[in-house]
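*Asks:* Listed below, chain by chain, are the residues.
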Amino acid sequence: MKIRSTLVGLLAATAMSVTAANAETLRILTWGSYAPDALVKKFEKKYPDIEIEVTFSNNEEMIAKLRATGGAGFDLAQPSHDRIFAAQKEYNIYKPMDLSKINTDRMTKTHLDGVKANTTIDGEVYAVPHQWGTSGLMADKSKAPDFAGWGDLCDPKYKGKTSMRLKRTILLGTAFDMGEDPFAAYADLDKYQGILDRVADKLIACKDNIKAYWKGGDDLSAMMMSGEIVASETWDSTAYKLYGENENIVFVPPRTGALAWIDTFTLPRKGKADDAAYKWINFVLEPENVKLMSASTGAIAAVEGGKDLLPADKKAAVNAAFTDADIENLKFFANIPPGVEDMEGKTLEKIKAATGSE
Amino acid sequence: MAGMVQKDIKRLSLYLLFAPFALWIALLIVLPHLGMFYISLREKVGPRVYEFGFENYTNFFLEPIYWNTLLRTGSMSLLVTALALVLGFPIAYYIAKIAGNRTRGALFLMCLIPLWVSDLIRAFGWILLLRETGVVSSSLQWAGMIDTPIEFLYNDAAVIMGLVYTVILFMIVPLVSTLDGMDKSMIEAGYNLGGNGPTVLRRIIIPYAMPGIVAGCIVVFMLTAGSYLTPILLGGKNSSWFTEQIYDQFITRYNWESGAAFGFLLLAFTSFVVWAGLKLSGQTLNSTVANN
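Chains A and B supply the protein sequences, listed in that same order.
Here the numbering used here is used: position 307 in the first sequence is 307, and no number is missing along the way.
Adding 1000 to a residue's 1-based position in the second sequence gives its number in the numbering used here.
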């Protein structure tokens, strides 16, 4: 009796998975908030035979996941534009895109050309832009009105009142602040190592000045809102969120230029639902959907007039942060050549392990 | 004939019973470890080019940052184990020998309740209590004991406290079950023969509880050395934990080869510490962990 009911159950399960196979599944690997529920529902209504499955992740983990399976398990991934070229060369995890299937004329030309230039291998394009944003600084204007550069994080004036994330962004920012151009030095890794060594010395000496290294948007927000710190390295979207709660907290583009990233659309090499993926890409490029997306991500869509499609409060935060000159001054993250992650990782370890300057 | 069939059925059912366990061990423990070991022996020479060798292991010994972190993790884990034992023993003794039957259940439950919430939530609980603008600092200020807010978070003491809090239950459970089996008359006899409190503790209770103590210490040490969340969230600018090092190798540096090697080094190191502990205490795995 029992065996029979198990068998029936198994049969039923098989039957169900067969019907599920009729409806196509689109498995998206993306950032938290990059696939808001409202948008997913709207898409599934428009294309009733496509079902969406979302996995939230970040750049490093996206690549690790795809590397583990050789690019299987997902149909659409959204790493940043600087994480495609080397990852493809080393691990072969993406497949070329068919641009004729994408409404590329909706995209901002500079972003599209930038991403294309960054992700073309042997004449094939591996990514198109989705949203862009920056990494820079934020400060509480009532307590640190003059805060303007990466180096100010280490200013003894703010001893114990600043924070940063111990990742590659702060290495690059500090390098720019010291008058170097780390992206140019990617071409000569020995020179880049020299820059990294000097950056490490500076950041080790700076350790005393830092309250703690933040690890995610939540602990950074808590430290900033409670006033435990007055300034920090940050993602712009985190700063915009805090601006909504406290107008003194603003995003500060560093005087050497905020570091800009573009999150992209890429197809994992063994993805099985390319057509559904193209449909999703074109779907989120439509202006009314861009609005929904930007409201959720807090980042600016790489489409014409992307800034105007932000919700009002975010737009106010962007206008409070950026002048046109700041936008001109943006430094887009350059492609990471093979081996640089390892050099930077080693530098970060050295900084973490050092016991400060006392 | 019937006997043969009976025997075959018996054997078959034994195989069937054993199969899930064997599959579990083979597919989820042995196979992944073999894969990791294979990866750990690959040296990267260029993109998609690898050679075999022990470079990932030698790198660990040549770079002081790595082995310092491992030693730090090991010694802090030993400290956590010792603290958990010192704090857990009286609790276990009270539950097993002093509390009445009804309070026993309630006390045990109280020890269990923190485990119903995930590690992450518990760590955030500590963060709320210990941060500069947190509960502890502001109540001390309110009571007039300090003038300016104090940061209790982001240091090694916070990490150790958080870890002890997380693992102490795994010390208490084996201790209670060992102490439970001890006859109260043994303690009475100790006193009757003229022993005082400390002597009875040292000569009777502790030797009797030794299997439980060692079992608890092994579990707690392994859990602590392999923990990730608590040290990351509560730790400060200088506190590295070896598991964080492994994560960084795999995820931030894309260096699976040395991450895998680090994983094996951690396994070897903790195994060595457990082995040394067993040798020093004169116990065996059979008499301790397997006994519970």
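It cannot be assumed that every hint is accurate.
[Said to hold, decoys possible] Have a look at the derived ranges for each label pair, beta carbon to beta carbon:
id, chain 1, residue 1, chain 2, residue 2, range
1, B, Gly1125, A, Glu245, 19 to 25 Å
2, A, Gly32, B, Leu1079, 55 to 61 Å
3, B, Thr1133, A, Tyr47, 46 to 52 Å
4, B, Trp1275, A, Tyr47, 56 to 62 Å
5, A, Gly32, B, Gly1282, 50 to 56 Å
6, A, Asn248, B, Ser1118, 30 to 36 Å
7, A, Thr355, B, Ile1150, 19 to 25 Å
8, A, Asp201, B, Asn1068, 17 to 23 Å
9, A, Asp201, B, Ala1143, 42 to 48 Å
If you're looking for bench data, these hints aren't it; they were derived computationally from the structure.
For glycine and all other residues, C-beta sits at the position ideal for the given N, C-alpha and C.
*Asks:* Now tell me if each hint is right for this structure.
*Replies:* Going through the hints against the structure:
{"no.": "1", "hint": "B:Gly1125 - A:Glu245: 19 to 25 Å", "in the structure": "23 Å, holds"}
{"no.": "2", "hint": "A:Gly32 - B:Leu1079: 55 to 61 Å", "in the structure": "36 Å, violated"}
{"no.": "3", "hint": "B:Thr1133 - A:Tyr47: 46 to 52 Å", "in the structure": "49 Å, holds"}
{"no.": "4", "hint": "B:Trp1275 - A:Tyr47: 56 to 62 Å", "in the structure": "60 Å, holds"}
{"no.": "5", "hint": "A:Gly32 - B:Gly1282: 50 to 56 Å", "in the structure": "52 Å, holds"}
{"no.": "6", "hint": "A:Asn248 - B:Ser1118: 30 to 36 Å", "in the structure": "35 Å, holds"}
{"no.": "7", "hint": "A:Thr355 - B:Ile1150: 19 to 25 Å", "in the structure": "21 Å, holds"}
{"no.": "8", "hint": "A:Asp201 - B:Asn1068: 17 to 23 Å", "in the structure": "19 Å, holds"}
{"no.": "9", "hint": "A:Asp201 - B:Ala1143: 42 to 48 Å", "in the structure": "43 Å, holds"}
Violation of the numbered hints given earlier is confined to hint 2; every other hint is satisfied by the structure.
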